[in-house]
Amino acid sequence: MNKKEKESCGVKEKITGFVDGELAAKEREVVARHLQTCAVCRKEHDALISLDSHLRSSAAPAPSRDFNRNFWKKVNAADQTKTPWAIFPDFLRGMRPALAAAASIAVIAAGSVILYQADSNFLKPPAPVQNDMQFVENINLYRDFEIIANLELLEHWEEIIQLKEI
Amino acid sequence: MTDTGAGSRLPTFQGLADKMPFADTDPDVQLMLRFQQGDENGFLKLFSKYQTRIIHFCFRFCGDRTLAEDLAQDVFLRVYRGASGYRPKAKFITWLYRIAVNVCLNDARKQKKAWLFRSLDRVDRLTRPGAADDPDDRMPEYADTNSVSAEDEMALRERDEKIKAALTKLPDEQRAAVLLRIYDDFSYREIADQMAVSEGKVKTLIFRGRQQMKEALKDWL
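So the sequences go chain by chain: A and B.
Heads up, the first sequence is in our numbering, so the first residue is 1 and it goes up one at a time.
Heads up, the second sequence is in our numbering, so the first residue is 1 and it goes up one at a time.
If you're looking for bench data, these hints aren't it; they were derived computationally from the structure.
Treat the hints with care, since some could be wrong.
[As the list claims (entries may be wrong)] Quick list of in silico lysine to any residue cross-link-like pairs, SDA-like style, CA-CA up to 20 Å: (1) 89/B x 112/B; (2) 49/B x 43/A; (3) 164/B x 60/A; (4) 201/B x 37/A; (5) 49/B x 47/A; (6) 162/B x 14/A; (7) 218/B x 168/B; (8) 169/B x 199/B; (9) 89/B x 214/B; (10) 164/B x 73/A; (11) 201/B x 11/A; (12) 218/B x 21/A; (13) 89/B x 171/B; (14) 214/B x 11/A; (15) 73/A x 211/B; (16) 203/B x 49/A; (17) 218/B x 62/A; (18) 43/A x 84/B; (19) 203/B x 219/B; (20) 12/A x 199/B; (21) 164/B x 89/B; (22) 201/B x 211/B; (23) 164/B x 212/B; (24) 43/A x 62/A; (25) 164/B x 54/A; (26) 201/B x 161/A; (27) 45/B x 84/B; (28) 218/B x 69/A; (29) 110/B x 78/B; (30) 73/A x 216/B; (31) 45/B x 75/A; (32) 14/A x 49/B; (33) 169/B x 58/A; (34) 45/B x 20/A; (35) 218/B x 57/A; (36) 112/B x 65/B.
[To be verified] Cβ-to-Cβ under 7 Å is the rule here; a few derived chain A residues that face chain B: (37) 10; (38) 13; (39) 58; (40) 162.
Positions of the beta carbon are idealized from the N, C-alpha and C atoms, including for glycine.
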């Protein structure tokens, strides 16, 4: 069979399903009939059967003697490093998503309250500092000084100059 | 859940079976449910029954004996620790292999770079003098050595090395699908469930995996 004929045979992909017994009865019949007449597909089919046979007969190691001992060591180690969830009773552990959602809502609510309070403090006038308090307490003393007592005149000095000129 | 009567507060398996079909038909599910209710013998039986299969799956997936045992222990550790949340929605073996697939794929992802270096290191160790003394590098024992000649045994070992190398060259998902199909005989539907992919994807993974394996082992076929 030449290259063109090989490409035209569209059953190749179904041979894997055929070997695995995964085709529907009708499709299986079609492929089986095709295999009787198509040498290329028959070769593919035989190669897959042979591949599976080789793979299945390849050796794999038996468990080592330490396998069980090492497993129980891991179990003990895992018991000693329990997750925070381990403190909850079993029925609560099953509610992890709900608890996590509740915790998230609580965190968001707490965050909102903190932000709101911070915002409110920002709008309030700042508390008087110590220097301001001293000034208020001694306001009468400051008024005794001429420069302070006449400060308001400076605000209208242009008008005062004009009056003097008249 | 129904009460077993006579002061027992444990639910009957029949009660669970009404809600979960596999609780009644799969004896392994029964063992797991017993373990869930505090009977450690249930776990021990499952551990003993499946440890070799899971080690083999992990070994064929990662190609390293020590790592395979480590991964298999992680699989059973997850079964042991996850007993309280176990719900028999599928056959026990499907659930067990789903865990095994997850453990192996996660490990492969984590160790992608380290794996490359380890492979190079292993090639170096295999070619150095006295390499056979390393227990990790020894070939697995064959069950019946009397039935094959020394030459045949050599040939089989060579073939197994080629199979191992060809398997490790497959992309992780293809390898997992091929192993589950060829070695553990799961249906495409079960493999799809274990790998959390569609049945169509399983079909493609197995087809491509087999084509690549066929090419790598063409001298043996």
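Open item on the list: Need the list of violated hint numbers for this structure, in ascending order.
Closed with: Failing hints, ascending: 1, 2, 4, 5, 6, 8, 9, 10, 12, 13, 15, 17, 18, 19, 21, 24, 26, 28, 30, 32, 34, 37, 40.
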